[in-house]
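Residue numbers (the UniProt record's numbering), protein chains in the order written: chain P, 1 to 648; chain U, 1 to 289; chain H, 1 to 579; chain D, 1 to 99.
Since the hints were derived computationally from the structure, they do not count as laboratory data.
Not everything, but these chain P residues come out facing chain H in the computed CB check (under 7 Å):
| id | residue |
| --- | --- |
| 1 | VAL70 |
| 2 | VAL72 |
| 3 | PHE75 |
| 4 | GLN160 |
| 5 | PHE173 |
| 6 | VAL178 |
| 7 | PHE194 |
| 8 | ASP205 |
| 9 | ARG587 |
| 10 | VAL590 |
| 11 | ASP593 |
35 Å max Cα-Cα, derived DSBU-like pairs, lysine-lysine:
| id | chain 1 | residue 1 | chain 2 | residue 2 |
| --- | --- | --- | --- | --- |
| 12 | P | LYS162 | P | LYS365 |
| 13 | H | LYS477 | P | LYS162 |
| 14 | P | LYS595 | H | LYS477 |
| 15 | U | LYS181 | U | LYS197 |
| 16 | H | LYS187 | P | LYS595 |
| 17 | P | LYS162 | H | LYS407 |
| 18 | P | LYS162 | H | LYS487 |
| 19 | P | LYS595 | H | LYS249 |
| 20 | H | LYS407 | P | LYS365 |
Here the structure is a predicted model, which is why all the values come from computation and not from measurement.
The beta-carbon is built from N, C-alpha and C at its ideal position, and this holds for glycine as well.
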Amino acid sequence: MENLIGVLVGAPLLGALILLVGGRALDRLGHWLGIVFATTSFAVGCVLFADMVGKDAEERALHDHLFSWVPVEGFQADVAFQLDQLSMTFVLLITGVGTLIHFYSVGYMEHDERRRRFFGYLNLFLAAMLVLVLADNYLLLYVGWEGVGLASYLLIGFWQHKPSAATAAKKAFLVNRVGDVGLSIAIMLMFTTFGTFAFSEVLPDAGSASEGQLTAIGLMLLLAACGKSAQVPLQSWLGDAMEGPTPVSALIHAATMVTAGVYLITRSGEIFNGAPAAQTAVVTVGAVTLVFGAIVGCAKDDIKKALAGSTMSQIGYMIMAAGLGPIGYVFAIMHLVTHGFFKAGLFLGAGSVMHGMNDEVDMRKYGGLRKYMPITFVTFGLGYLAIIGFPGLSGFFSKDKIIEAAFAKGGTEGWILGSVALLGAAITAFYMTRVMLLTFFGEKRWAGAPDPQTTPDVEPADGHPAVGAAPHPHESPLSMTVPMILLAFGSVFAGLLFTVNDTFLNWLEPVTHHEHGDSPISAGVVTGCTVTAMVVGVTIAWLMYGRSPVPAVAPRGSLLTRAARRDLLQDDFNHVAFVQTGSYLTRGLVYLDHKVVDGMANGTAAFIGGVSSRMRRLQNGYARSYAVSMFGGTAVLVAATLLMRAVA
Amino acid sequence: MNVLAATTSTSTGEAVQFWVLGTIALVGALCTVMMKKAVHSALSLAGTMIILAVFYLSQGAYFLGIVQIVVYTGAIMMLFLFVLMLVGVTSADSLKETLKGQRWLAATCGLGFGILLIAGIGNASIDSYAGLGKANADGNVEALAALIFNRYVWAFELTGALLITAAVGAMVLTHRERITKPETQRELSQRRVREGKQVTPLPAPGVYARHNANDIPALLPDGSIAEVSVNKTLRARGQMRDVSNEPMSNVAELEGQAESWLGRVTPKRVVRQPEENGSPESESEGAAK
Amino acid sequence: MSFLLTATAATPAVGAVVTAAVPAGRRTAAKWTALVFSLATLVLAGTALGRFDPDGDRYQLTESHTWIKEFGVRYELGVDGIAVALISLTALLIPFVIAAGWNDADPPSSPAGGKTPAGAETTSRWRPTQGFFALILMVEAMVVMSFAATDVFLFYIFFEAMLIPMYFLIGGFGDRAGGHDEAEAAKQRSYAAVKFLLYNLLGGLVMLAAVVGLYAVTADQLGTGTFSLQEILAAREAGRLDISDNGEKALFLGFFFAFAIKAPLWPLHTWLPNAMGESTAPVAVLITAVVDKVGTFAMLRWCLQLFPEASDWATPVILVLAAISILYGALLAVGQRDIKRLIAYASISHFGFIILGIFAMTSQGQNGATLYMVNHGISTAALMLVAGFLISRRGSRLIADFGGVQKVAPVLAGTFLVGGLATLSLPGLAPFVSEFLVLVGTFSRYKALGVVATVGIVFGALYVLLLYQRTMTGPVKAEVEGMPDLKAREIAVVAPLIALLLFLGVYPKPVLNVIDPAVGHTLSDVNKTDPKPDIDLDAVHKQRKADHGAEGAEGGHAEAAGTEAAGTESGAETHGGDK
Amino acid sequence: MNPVNYLYLSALLFTIGAAGVLVRRNAIIVFMCVELMLNACNLAFVTFSRIHGNLDGQIIAFFTMVVAAAEVVVGLAIILMIFRVRHSASVDDANLMKL
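Bound-form chain P, shown alone (with noise of 0.2 Å):
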């Protein structure tokens, strides 16, 4: 069975060098080898998923040993694999979730001319995400963290002739340097305090460390988070990263590789168990984003940009789930399951609207596409419920458990985290309303006659936005659809499986350890609250948007929600903070460089050069001259001999 986990990653790795380094003579069928790569993964996935089942809790976690990676007298890196119920869960949601959207992404990239390379992007991101959930370490872990990092930098800016695209691509990959910046600090810090990095020997003894080595080490790996997962302060980068084609938002920046902060964090919680003031960092990070991308999401009227914002949001609970220790482990987890399914499904969703409306993405100019597109409105539908937490469907339970967590934090701060969650489910009632209302909902606003039967069915030419043109909305081909419609059965359905006899607590309990917390306020209370919540959501977002017709011109709108659009103003302060004053720097630097150092150096060279040429008048080439120096020189010895002497 060991050796099943090499196939597992090795699958899609192959993949993705057959597919990129096969060249064109794969056009044709690339996409069909890189569907079959990735159903292998998952059929491996399942195959292991079967055989632990079947064995006791203890005795679940494989153990694969591949190579000695890197070995340096006390540094030992090896290529190893560790496959536990955690990383198993982790497996089946990206092979799952990705083999699927591998399907639609068939029908959604028809018309690319370079979708051979669009496939093997996606495969390399499997093998890599794979990786990253896999490690037996954290150095492994690491490269993992970096590979899906350049996927996600060559899948956002796959389309590269747009400037946008690329620009997006490029800050995508610096944000998330930032964040590796803190994985590499705090793989050092623990080389430096254990001697190691392997999970099975830091994490056990993490306890024998200090308090404050275990800080460093938690707020380090938070930062690493904060960047793959999109968490203020470095969030601004999964906005813009929707540039990318829309089945890459629904599988890297919606369902797996953004949950990696919450998988890193789940991981290390021995780390953080030990570090109480880095927990309150989690939590107040997860907090703060919860409410931030809730707010960016209420203001954006690009459908993706409302999702990412979303993400954003619902990753914030996943992020204060994991910071409130092992009473909210599970709950992460679970979350990013279920928000795996239904966020990738809204997603897929709003790439069939985008595929039916020649890649128009502003809401503003949709409008009552539900008779177009019957199948797209009803996933879609299936999707909005599970995320407002609607009761019974799987965010419900999922959003529900890490509200009743973060009350049984216990105190002031149980109190304040709980009101927040409570705050971030009523907005995302309320924009994901505005979304659905906007799209499915009210009069058709997009350009030219909103008849379909009467105008000719003309699929838009490429991928390429032709925006402009008159869309003629459509529902898209199965390759999409059917994707969306599994997506959404587990939307509904994965919440209900996971809590009946608390089967997720009880399938993950031997790997975090799960305490549970003495809750201020009853279950109940509680779930009334988040169903009150999201009904008030609910009601305001028709009020607003349901009643009365949307204008196609969003109207200027209040301050905050301008700085909303703006996302907050996140890009400008890093414009400000960052990228004018470093361009201020390389210029100065540049400038100091050339002036100083370089003119150092010149201005001795020209002095020398100076002296020398003044020097040159000496040799006259008159040999009278000649002597006089020979002859003063005789006397100077003479004078030194002399010297010599007197002294000696």
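Using the hints provided, position chains U, H and D relative to the given structure of chain P.
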């Protein structure tokens, strides 16, 4: 002279001799440096060398004293005079300094060096000396010979080789190998015509019958001098005696006499300005006339 | 005694002579001659690597002959793991350099008017092609000798002599100016060549003084002066040689100054951007990937081994300078407008990492630094050579002149991106391993410096991605339209390098195995051991065992972890066994 | 009188000779000044020979004379040749060493 093993003072006779001859030697050295004409310098140097020879003799270096006179004064200085004769007097003899600051530097260095040397010697505080009585016991020449042909024989042989090389070298240097066929008279005349410089033979020096010395240039019909008539070496030395004014003034005088005799008005006399390269002698001569 | 090292160095030297002797007008023959000789060298270097036993003596394949008896100068060669790795790198890169520069020294193609008789004549008499390849081989011979020499004087000779062919390579061959002013380009080129020469000569002269000083010290204390590394080390071991503190510091500074210029270390770096910017891409690779490595290598072999105490004394300053180099080089790379200068400044940043690793005095740091030398050679070669192909297509080095190349030449853009990703040390590619080792090695002894250096990786990403974004992405510029993609020859040059980057990124163990024992020797020379981790996990395990000895499950777990920890410490062999 | 006085005389003669070399332009006179310097040295050697009571000083002086003779021969030959070519014996005219 002094047979004692270690003495502090020489005989009075030698002291007197030193002070008198030493002064003369110094004067001779100074003259060597300061005399304008090279011949005078050479003679002063010869004098100094002879005095040094005397000093050698009085210090027990009999062989060297004789060698000094025979080789240095006799052979080397004669060689100098020979060369002087060949080269002759040139403008380089002028004592006027052409290099800026050279004299000052030379003086400073010389003075400094001299003071240093003297200070060094004074510092050495040699009060007594051994004398050569013992070394010269078997005779100075025999003792030297014993050294030269034993301990210094290798150096001696090398010096011999050096001398021969020098002699050969001097011959090679001064010898002019003819690398082209000597030009025939025909070729020479053809070249003269081709170059169009001086087709006719050079004019002979001398003016009429009055001045037939080699250093006096011939006169051209207009009364100016023909420089080419004088030997090249003399010209280089600037030893050209221009006597053109004399016959010119004589002619003018004669013409004046004839005019006055004929009762006509005296025509304006044309006095030729001295040539640029006229030597100071000729200038002064012209002025004297 | 074997003659393998001599042969490895002599082959390219002979090749240089033979190449130079190829008659004018037979350019292709000259190119093939050079390539064949460089491949022969590669075979010999590979043999040397194969014969080298990492666990054997410290110096192997030694040769020793008296050369100048009067001054104790010996012809002594020998390699440790570090040297043999770098010789292999050199021998590996030269064939690529030659292949990449295949057409760089050809006569300028005749102007649009067609072939004029005069042009044809210059073409048939054209000799610089022979010169170009002969000079490259000469540099290779000298670099190999510098790596192999274990006699200070012998090393010094080749360290300095290298400047001569390099000077001509920089000054004599440049990029085709394209639309730019040819005269101005020639002026810049000669400025760069002279600057290169003067900087390195200055360092060399200071080092010469130190070399003489070392001889004087050995002559004074041992009776007979010697330049032999082994003799000096043996004498110090036996206590017969004890250089005074100040003397050692002065000698160390003399040596280090020369190496810091060659490496180059801030603020002695300004010759590198000029030299790399003005020379052709293969020559730029030669400078940064091969010749400059002699500087960092010499720090390890000469500075640390000959002057351990002074090295220790100078460490703080050097580390700070190295950290400045890292950030400064990266920031300046961001601000460059010229592709090759950008890569040059990136190299300065990387050399900062290498020097940081060397002077962190930990096994991770020095292993990392040595591995970094190898990896940086390969990654910079890949990036620079592709950049060279790009530049030769457009006739311009300015970043602003490109845009959208990805669309017209996807393979070129792809290889460029891989080279760039290697430069920014992406995990999975070779430079990551070395960079991380350097960072860990530094961090475990100097926390603050480690953090500062780590920040450098963000800037690294910034300049690479900015470069890629500005040249490769966006709308296709009119001038770029119709740019041909990589040709077969060019792919043949780049593909093996990229494959090597991937391989060494995933499996660097073969190289590390060769390097590791040598680093251990060097560290014991300077009397340094790795800092111990704050927590001794073994002790913790024992404690736990004692506490919970009765509880089966807990105890078993701790025992398992304990054995694993022990396995970790006992090194690679155990892991091999595990596998 | 102490023989040291000969040394003083020798020093003075040497200095005068050196000054002559520096000041005079006629190559032949310069040469003579060089001879003067050599003679001054010879005097010192002879005097040292006397002071120390052995003949080595005289031997050196003897060799000096021989070498001086050789030097004069070659030197004058060179002067002659230069004069033939350049029609001048001034040391300042032979300034081909100038850059």
